[in-house]
Amino acid sequence: GAVVSQHPSWVICKSGTSVKIECRSLDFQATTMFWYRQFPKQSLMLMATSNEGSKATYEQGVEKDKFLINHASLTLSTLTVTSAHPEDSSFYICSARQGFGGYTFGSGTRLTVV
Amino acid sequence: QQQVKQSPQSLIVQKGGISIINCAYENTAFDYFPWYQQFPGKGPALLIAIRPDVSEKKEGRFTISFNKSAKQFSLHIMDSQPGDSATYFCAASQGSGNTGKLIFGQGTTLQVKP
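So the sequence lines, in the order shown, correspond to chains A and B. 594 is the number that the working numbering gives to position 114 of the first sequence; each next residue is one higher, with no gaps. 131 is the number that the working numbering gives to position 92 of the second sequence; each next residue is one higher, with no gaps.
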């Protein structure tokens with residue numbers, strides 16, 4: 481079945497630094513990738529949608545300059561949290577989709593900013 | 040219009056019992072309705088999904104009931120087991136649309152007591 485690998489699974493960074501999270505589709509070409517954010521005991525909130533080779537579309541209220549998304553190939557999308565602050569600490573999850581097929585989720589990245 | 044409302048927020052069921060979680064949506068353009076299971080610290084995993092051309096879909100102990108006219112769908116977990124204890128999310132998307140954004144319900148924490 482479709483597998484999405486997300487890396488790292490957890491990361492601790494200092495306030496003011498940047499962190500990059502990778503999302504790879506291992507056995508299919510992901511024409512569309514989605515990035516979600518999840519706070520403890522809450523639902524998944526869509527941050528942005530990216531199609532290979534084009535700029536990401538951000539949801540209302542999500543800062544484009546803080547959360548940089550790159551979808552350079554059909555198997556890789558990255559989310560970079562720039563100038564991270566403690567309030568950016570959260571669980572970030574990617575999802576990949578091939579055409580109009582189902583959605584496959586990564587295992588998530590726990591980001592802690594200290 | 041993009042909201043998916045899920046209830047109950049939490050559910051306690053005895054082993055062997057039936058767990059029922061309900062969701063309602065507004066956007067009639069939604070055409071894909073999946074249910075996900077999530078364990079702490081993990082990404083969501085697809086349990087079962089349905090499209091609006093059928094009223095029910097069953098896979099093992101999991102059944103989705105879909106009521107298009109009421110814009111509601113529900114997940115039934117038969118013979119609930121302690122291993123089913125997790126958070127369950129319903130979701131909806133306009134899967135054939137340009138973006139195919141997957142919108143999640145608020146989540147239901149299920150506890151199955153031995």
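Rather than coming from a laboratory, the hints here were simulated on the basis of the structure. Careful: at least some of the hints might be erroneous.
For lysine to any residue, the following SDA-like pairs were computed, each having C-alpha atoms within a straight-line distance of at most 20 Å [what the hints assert, rightly or not]:
| # | chain 1 | residue 1 | chain 2 | residue 2 |
| --- | --- | --- | --- | --- |
| 1 | B | Lys96 | A | Gly581 |
| 2 | A | Lys521 | B | Phe101 |
| 3 | B | Lys81 | A | Lys544 |
| 4 | B | Lys81 | A | Asp568 |
| 5 | B | Lys140 | A | Thr592 |
| 6 | A | Lys521 | B | Pro79 |
| 7 | B | Lys44 | A | Lys546 |
| 8 | A | Lys544 | A | Ser498 |
| 9 | A | Lys521 | B | Gln145 |
| 10 | B | Lys44 | B | Asp118 |
| 11 | B | Lys140 | A | Tyr538 |
| 12 | B | Lys81 | A | Trp490 |
| 13 | B | Lys152 | B | Pro121 |
| 14 | B | Lys81 | A | Leu506 |
| 15 | B | Lys107 | B | Ser49 |
| 16 | B | Lys140 | A | Gln522 |
| 17 | B | Lys81 | A | Gly533 |
| 18 | B | Lys96 | B | Asp118 |
| 19 | B | Lys152 | B | Gln42 |
| 20 | B | Lys152 | B | Asp70 |
| 21 | A | Lys544 | A | Val499 |
| 22 | B | Lys81 | A | Lys546 |
| 23 | B | Lys107 | B | Thr148 |
| 24 | A | Lys521 | B | Ile51 |
| 25 | A | Lys546 | A | Val491 |
| 26 | A | Lys521 | B | Thr148 |
| 27 | A | Lys500 | A | Gln518 |
| 28 | B | Lys44 | B | Glu98 |
| 29 | B | Lys81 | A | Gln522 |
| 30 | A | Lys521 | B | Pro47 |
| 31 | A | Lys500 | A | His565 |
| 32 | B | Lys44 | A | Met525 |
| 33 | B | Lys140 | A | Gly533 |
| 34 | A | Lys521 | B | Val151 |
| 35 | B | Lys44 | A | Arg504 |
| 36 | A | Lys521 | B | Ile57 |
| 37 | B | Lys96 | B | Ile59 |
| 38 | B | Lys110 | B | Gln42 |
| 39 | A | Lys521 | B | Asp70 |
| 40 | B | Lys81 | A | Gln518 |
Consistency of the hints with the structure:
This hinted pair checks out: B/Lys96 and A/Gly581 have alpha carbons roughly 18 Å apart, not beyond 20 Å. A threshold of 20 Å between alpha carbons decides the hint, and for A/Lys521 with B/Phe101 the separation of about 23 Å lies outside it, so the pair is violated. The suggested pairing of B/Lys81 with A/Lys544 is violated, with an alpha-carbon distance near 26 Å, which exceeds 20 Å. Between B/Lys81 and A/Asp568, the direct Cα distance comes to roughly 19 Å. Compliance with the 20 Å bound is thereby established for this hinted pair.
At most 20 Å may separate the alpha-carbon atoms for a hinted pair to count; B/Lys140 and A/Thr592 exceed this at roughly 27 Å. Our distance criterion of 20 Å between C-alpha atoms is met by A/Lys521 and B/Pro79, whose separation comes to about 9 Å. For a cut-off of 20 Å, the pair hint linking B/Lys44 to A/Lys546 is broken: about 29 Å separates their Cα positions. As the CA atoms of A/Lys544 and A/Ser498 are separated by approximately 14 Å, the hinted pair is consistent with the 20 Å bound.
At roughly 9 Å between alpha-carbon atoms, A/Lys521 and B/Gln145 fall within 20 Å of each other, so this suggested pair holds. Distance check on the hinted pair: B/Lys44 and B/Asp118 sit about 25 Å apart at the alpha-carbon level, beyond 20 Å; violated. Distance hint between B/Lys140 and A/Tyr538 is fulfilled; the C-alpha atoms sit about 11 Å from each other, no more than 20 Å. A C-alpha spacing of about 11 Å is found between B/Lys81 and A/Trp490, which places the hinted pair at or below 20 Å, so the restraint holds.
With a CA separation close to 6 Å, the supplied pair B/Lys152 and B/Pro121 stays within the 20 Å bound. The hinted pair formed by B/Lys81 and A/Leu506 meets the criterion: a straight-line CA distance of about 18 Å does not exceed 20 Å. Proposed proximity of B/Lys107 and B/Ser49 is contradicted: the alpha carbons are some 25 Å apart, above 20 Å. Straight-line distance between C-alpha atoms of B/Lys140 and A/Gln522 comes to about 18 Å, which keeps the hinted pair within the 20 Å bound.
Our distance criterion of 20 Å between C-alpha atoms is broken by B/Lys81 and A/Gly533, whose separation comes to about 28 Å. Distance restraint check for B/Lys96 and B/Asp118: the Cα-Cα separation of roughly 17 Å lies within the 20 Å cut-off, and the hinted pair is therefore satisfied. Restraint check: the Cα-Cα separation between B/Lys152 and B/Gln42 comes to about 31 Å, which exceeds 20 Å; the hinted pair is violated. Only pairs whose Cα atoms come within 20 Å are accepted, and B/Lys152 paired with B/Asp70 is rejected, the gap being roughly 35 Å.
This hinted pair checks out: A/Lys544 and A/Val499 have alpha carbons roughly 15 Å apart, not beyond 20 Å. Between B/Lys81 and A/Lys546 the CA atoms are separated by roughly 24 Å; this puts the pair beyond 20 Å, and the hint is violated. In summary, the hint linking B/Lys107 to B/Thr148 is not supported, as the alpha carbons are separated by about 25 Å, beyond the 20 Å threshold. For the given pair, A/Lys521 sits about 16 Å from B/Ile51 by alpha-carbon distance, which is consistent with the 20 Å threshold.
Pair hint A/Lys546 plus A/Val491 holds up; C-alpha atoms about 17 Å apart against a cutoff of 20 Å. Distance check on the hinted pair: A/Lys521 and B/Thr148 sit about 9 Å apart at the alpha-carbon level, within 20 Å; holds. In summary, the hint linking A/Lys500 to A/Gln518 is supported, as the alpha carbons are separated by about 17 Å, within the 20 Å threshold. With a CA separation close to 23 Å, the supplied pair B/Lys44 and B/Glu98 exceeds the 20 Å bound.
Note on B/Lys81 and A/Gln522: the hinted pairing holds, with a Cα-Cα distance of about 14 Å set against a maximum of 20 Å. Restraint check for A/Lys521 and B/Pro47: the C-alpha separation of about 14 Å stays at or below 20 Å, so the hint holds. The straight-line distance between the Cα atoms of A/Lys500 and A/His565 is roughly 14 Å, inside the 20 Å bound, and the hint therefore holds. A C-alpha spacing of about 14 Å is found between B/Lys44 and A/Met525, which places the hinted pair at or below 20 Å, so the restraint holds.
With a C-alpha separation of about 18 Å, the suggested pair B/Lys140 and A/Gly533 falls inside the 20 Å cut-off, and the hint holds. Distance hint between A/Lys521 and B/Val151 is fulfilled; the C-alpha atoms sit about 18 Å from each other, no more than 20 Å. Using a Cα cut-off of 20 Å, the hinted pair B/Lys44 and A/Arg504 is violated, with the two alpha carbons roughly 31 Å apart. Taking the CA atoms of A/Lys521 and B/Ile57, the gap is near 23 Å; set against the 20 Å cutoff, the hint is violated.
Taking the CA atoms of B/Lys96 and B/Ile59, the gap is about 15 Å. The hint holds against a cut of 20 Å. At roughly 12 Å between alpha-carbon atoms, B/Lys110 and B/Gln42 fall within 20 Å of each other, so this suggested pair holds. For the proposed pair A/Lys521 and B/Asp70, the alpha carbon gap of about 27 Å is over 20 Å, so the pair is violated. Between B/Lys81 and A/Gln518 the alpha-carbon distance is near 11 Å, which keeps this suggested pair within the 20 Å criterion.
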